[in-house]
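J.: Here is how the chains run, residue by residue.
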Amino acid sequence: MDEQEHNNVLDAEGEGSTIDKMRAKQEKKNMKKAKKKAAKNSASGSTAEDTAAKQLELQEKVRMLVNQLAIREAIQPPPSANNSQKQKDMSSHKFWSTQPVPKHGETIEEDGPIEPNTPYDQIRKEPYTLPKEFEWVTLELNNENELNELYTLLTNNYVEDDDAMFRFDYSGDFLKWALQPPGYLNTWHVGVRVSSNKKLVAFVSGIPADIRIYDSHQHLVEINFLCVHKKLRSKRLAPVLIKEITRRSHLQGIFQAVYTAGVVLPKPISKARYYHRSLNPKKLVETNFSRLPQNTPLSRFIKKFKLPAETSTPGLRPMVEEDVPEVKTLLNEYMSKFNFVPVFKTEEEVKHWILTKDKVIWSYVVEDLETKKLTDFFSFYFLPSSVIGHQVHKTINAVYLFYYAVKESEEKAIKGRLQGLIKDALILAKLKNVDVFNCLDLLENKLFIEDLKFGAGDGYLNYYMYNWRCRDMGSEKVGVVML
Amino acid sequence: MMDSSLEEQFTSAYTFLNNHTGINLSNEIKLKLYGYYKVATTGKVNTEKPSLWEIRGRAKWDAWKEVENTPTEEAMQMYVEIVEKANIGWNRDQLDDTTSEEIDIDKENNKTNAQQERMTYVSTLSYEEDEEEDNDENDIFSYAKKGDSVELNKILDLGEVDINAKDNQGLTLLHWASDRGHLEIVKLLIEKGADVNIMSEEENETPLHYSCISEHLDCARYLYHHGANPLIKNAEDSVAFDYCNPQFKEEVIKE
Chain A
1 MDEQEHNNVL DAEGEGSTID KMRAKQEKKN MKKAKKKAAK NSASGSTAED TAAKQLELQE
61 KVRMLVNQLA IREAIQPPPS ANNSQKQKDM SSHKFWSTQP VPKHGETIEE DGPIEPNTPY
121 DQIRKEPYTL PKEFEWVTLE LNNENELNEL YTLLTNNYVE DDDAMFRFDY SGDFLKWALQ
181 PPGYLNTWHV GVRVSSNKKL VAFVSGIPAD IRIYDSHQHL VEINFLCVHK KLRSKRLAPV
241 LIKEITRRSH LQGIFQAVYT AGVVLPKPIS KARYYHRSLN PKKLVETNFS RLPQNTPLSR
301 FIKKFKLPAE TSTPGLRPMV EEDVPEVKTL LNEYMSKFNF VPVFKTEEEV KHWILTKDKV
361 IWSYVVEDLE TKKLTDFFSF YFLPSSVIGH QVHKTINAVY LFYYAVKESE EKAIKGRLQG
421 LIKDALILAK LKNVDVFNCL DLLENKLFIE DLKFGAGDGY LNYYMYNWRC RDMGSEKVGV
481 VML
Chain B
1 MMDSSLEEQF TSAYTFLNNH TGINLSNEIK LKLYGYYKVA TTGKVNTEKP SLWEIRGRAK
61 WDAWKEVENT PTEEAMQMYV EIVEKANIGW NRDQLDDTTS EEIDIDKENN KTNAQQERMT
121 YVSTLSYEED EEEDNDENDI FSYAKKGDSV ELNKILDLGE VDINAKDNQG LTLLHWASDR
181 GHLEIVKLLI EKGADVNIMS EEENETPLHY SCISEHLDCA RYLYHHGANP LIKNAEDSVA
241 FDYCNPQFKE EVIKE
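The listed protein sequences derive, respectively, from chains A and B.
Read in full-length UniProt numbering, the first sequence has 157 at position 157, and its numbers run on one by one without any break.
Read in full-length UniProt numbering, the second sequence has 238 at position 238, and its numbers run on one by one without any break.
Simulated from the structure, these hints should not be mistaken for lab results.
Mixed in with the good hints, there may be bad ones.
[What the hints assert, rightly or not] In silico SDA-like links for lysine to any residue, alpha-carbon gap of 20 Å or less:
hint : chain 1 : residue 1 : chain 2 : residue 2
1    : A       : 306       : B       : 236
2    : B       : 166       : A       : 296
3    : A       : 283       : B       : 248
4    : A       : 94        : B       : 88
5    : A       : 304       : B       : 215
6    : B       : 192       : B       : 160
7    : A       : 231       : B       : 88
8    : B       : 233       : A       : 300
9    : A       : 271       : A       : 450
10   : A       : 303       : B       : 199
11   : A       : 94        : B       : 18
12   : A       : 231       : B       : 86
13   : A       : 282       : B       : 217
14   : A       : 282       : B       : 245
15   : A       : 304       : A       : 292
16   : A       : 328       : A       : 355
17   : B       : 32        : B       : 87
18   : A       : 303       : B       : 233
19   : A       : 132       : B       : 93
20   : A       : 430       : B       : 245
21   : A       : 230       : B       : 86
22   : A       : 303       : B       : 232
23   : A       : 303       : B       : 249
24   : B       : 166       : A       : 294
25   : A       : 94        : B       : 14
26   : A       : 267       : A       : 239
[As the list claims (entries may be wrong)] Just the calculated beta-carbon pair ranges, DEER-fashion:
hint : chain 1 : residue 1 : chain 2 : residue 2 : range
27   : B       : 15        : A       : 216       : 36 to 44 Å
28   : A       : 451       : B       : 139       : 31 to 39 Å
29   : B       : 8         : A       : 116       : 35 to 43 Å
Cβ coordinates follow ideal geometry from the N, Cα and C atoms, glycine included.
Assemble the whole structure, with the sequences as input and the hints as a guide.
T.: Given below as structure tokens:
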């Protein structure tokens, strides 16, 4: 890293302007990209010159691609046969090869921990060593300033590739919901500051969770929000953060963890795909979140996604606090049919995770009109994305399907019931001015994805366990929804 | 640590790149590096020039050939400097910056690299490559779709096209321009005598239906004030204003 630039970033005074510049630069880039994509969106004819130019462009692209391949090959060790691929795989997962995680291609015969629990007296008591200019901190999220620091770090760095046209826009309330469930520990809100000016430059979180994987019930830690300031990537902070949160988990007697990532690491338990249901098709096309096929009229596209103005499930109403005990039972019963699920042990947990908190999570229950018992419920959480470099649209309002339960046992009945419920969820979301309703293809979501006009996303989510070896599973066997 | 030898620096830089194959260097830089690497380790070009059709072999060979007369030491020096200037986390003063337990942040391609350190990223709707439609199409309808009023006007001026003709989807030029919100083309078509109340096949919708459903206020206003009949019902028995909110309708009607 250029030392000058580096210092600018680390220097609190210069920081604002640097970030602004960085952002401006990125926005420019994205504008260009968006324009390109938009051109693709609308162009349907091309002149002869266009065609020739396109051909040239294509040729150039192929050439560049080929060059890239050639160079990649060139800077690797001489291809000494089969050996090299293996070596590459190993080295590309150098960090993970030191960690208790299953290896790619490993056959798993028996479920169980990979390494035994470390006895307390053998657990390292002092934090791992950071590069000298940094120091560990524990973030206190009840302190508005520190919550804001975290918000700023995540907003500016959580999605950092230049190609990104959207980035998650976590609210303070969302972060508190995500990071302060019952039994949370401050010591698992791990931050790294620059010693000289105290600027927050990295973060990783853990929250306590109870899960069941196959037949094994575990009290463990869910790792999330791993984030390093984009100007400090070369400092190798991420591995230290992972080791540090692991150490702090060990100190609490916890030796297993759950985490998710967009990328493939050794070794996923399951891989889920994102699906998106347009509620505001025109805005999604305008922001290039989705693409209007050039021969499809926009009006037909809009009509396709039109929803009724009102919900249709009789007895559907917003969840209230009194519903918590029944929702807890419904949820845990419904989860019994999957292999990797959360276990809600207390009503406090259900109250925290499921009960409606405006602009964070919305939950609805279905009450049987005769018995007054709850039969079903569903919930979705609100996580908007900023649109980078768009003239008109600044934010896409997105909700994500969270936990739900259906009290039907026969497959066909479940399908019909679930379709009705999720359709109502779409309608309710639309009424809240939500632009897109997202879900993963886990739980029984495949029963409604197609019929309710969800489209496949370009994002995937891989599920992992730390220090636990078990058979992998299809996403329809996964019940854990992580934020 | 300025005392490391040039060879150590070269090896370190080479190893660094080798361990971080996902680092996104420009092809120009990559080719330069390749050329100097070959000179430093092999010397002059000792292979046949690949044929023009072996693009990748040729590019590598050309890069090597270009610098083959560079002395070994200088080639190493150049290599080290390029890697250092590329600003990718390696510099010659930190040869002992051990990274033995580093996470594979910089691996794979650039996109995965970016996705590596964050746990997730914003997914958007994907589309298969084969959904890409025929780009060769450049009839008059394509100009109405993409808003090219100049080309469209040229064709109209030839006088060979029926301005109210429908395409294979049962839509006229005016439907498409109203759907895509190309006001200039809407104006042009109406000036040239396009039927403002023409209905599409099957769904029986007027251009006003299209501009109201697609919420193109300026087009809807123009159509409305140039003879569009807002009482025409489509096959679903709905008039154009049934598809928009009251404010939109108000804006359209307003003088």
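J.: Give a verdict on every hint.
T.: Cross-check of the supplied hints:
Among the hinted pairs, residue 306 (chain A) with residue 236 (chain B) is consistent with the structure: their alpha-carbon atoms are about 14 Å apart, no more than 20 Å. Under the criterion of a C-alpha separation no larger than 20 Å, the hint pairing residue 166 (chain B) with residue 296 (chain A) is consistent with the structure, at around 15 Å. Between the alpha carbons of residue 283 (chain A) and residue 248 (chain B) the distance comes to roughly 16 Å, so the proposed pair stays at or under 20 Å and holds. Between residue 94 (chain A) and residue 88 (chain B), the direct Cα distance comes to roughly 19 Å. Compliance with the 20 Å bound is thereby established for this hinted pair.
Straight-line distance between C-alpha atoms of residue 304 (chain A) and residue 215 (chain B) comes to about 15 Å, which keeps the hinted pair within the 20 Å bound. In summary, the hint linking residue 192 (chain B) to residue 160 (chain B) is supported, as the alpha carbons are separated by about 13 Å, within the 20 Å threshold. Of the supplied pair hints, the one linking residue 231 (chain A) and residue 88 (chain B) holds, its CA atoms being roughly 11 Å apart against a limit of 20 Å. Annotation: proposed proximity of residue 233 (chain B) to residue 300 (chain A) holds, straight-line Cα distance about 16 Å (limit 20 Å).
For the suggested pair residue 271 (chain A) and residue 450 (chain A), the alpha carbons sit about 19 Å apart, so the restraint of at most 20 Å is met. Distance hint between residue 303 (chain A) and residue 199 (chain B) is fulfilled; the C-alpha atoms sit about 17 Å from each other, no more than 20 Å. With a C-alpha separation of about 13 Å, the suggested pairing of residue 94 (chain A) with residue 18 (chain B) holds against the 20 Å cut-off. Of the supplied pair hints, the one linking residue 231 (chain A) and residue 86 (chain B) holds, its CA atoms being roughly 15 Å apart against a limit of 20 Å.
Using a Cα cut-off of 20 Å, the hinted pair residue 282 (chain A) and residue 217 (chain B) holds, with the two alpha carbons roughly 13 Å apart. With a CA separation close to 15 Å, the supplied pair residue 282 (chain A) and residue 245 (chain B) stays within the 20 Å bound. A C-alpha spacing of about 12 Å is found between residue 304 (chain A) and residue 292 (chain A), which places the hinted pair at or below 20 Å, so the restraint holds. For the hint pairing residue 328 (chain A) with residue 355 (chain A), the CA-to-CA distance comes to about 11 Å; that is within 20 Å, so the pair holds.
For the proposed pair residue 32 (chain B) and residue 87 (chain B), the alpha carbon gap of about 16 Å is at most 20 Å, so the pair holds. Taken as a hint, the residue 303 (chain A) and residue 233 (chain B) pair is honoured in the structure, with Cα atoms around 16 Å apart against an allowance of 20 Å. Taking the CA atoms of residue 132 (chain A) and residue 93 (chain B), the gap is near 16 Å; set against the 20 Å cutoff, the hint holds. Our distance criterion of 20 Å between C-alpha atoms is met by residue 430 (chain A) and residue 245 (chain B), whose separation comes to about 15 Å.
For the given pair, residue 230 (chain A) sits about 16 Å from residue 86 (chain B) by alpha-carbon distance, which is consistent with the 20 Å threshold. With a C-alpha separation of about 18 Å, the suggested pairing of residue 303 (chain A) with residue 232 (chain B) holds against the 20 Å cut-off. The hinted pair formed by residue 303 (chain A) and residue 249 (chain B) meets the criterion: a straight-line CA distance of about 18 Å does not exceed 20 Å. This hinted pair checks out: residue 166 (chain B) and residue 294 (chain A) have alpha carbons roughly 17 Å apart, not beyond 20 Å.
For a cut-off of 20 Å, the pair hint linking residue 94 (chain A) to residue 14 (chain B) stands: about 18 Å separates their Cα positions. Our distance criterion of 20 Å between C-alpha atoms is met by residue 267 (chain A) and residue 239 (chain A), whose separation comes to about 17 Å. For the pair residue 15 (chain B) and residue 216 (chain A), the beta carbons lie near 42 Å from each other, so the given range of 36 to 44 Å is met. At roughly 36 Å, the beta-carbon separation of residue 451 (chain A) and residue 139 (chain B) lies within the given 31 to 39 Å, and the hint holds.
Hint check: residue 8 (chain B) to residue 116 (chain A), Cβ distance near 41 Å, so the stated range 35 to 43 Å holds.
Of the numbered hints listed earlier, not one is contradicted by the structure.
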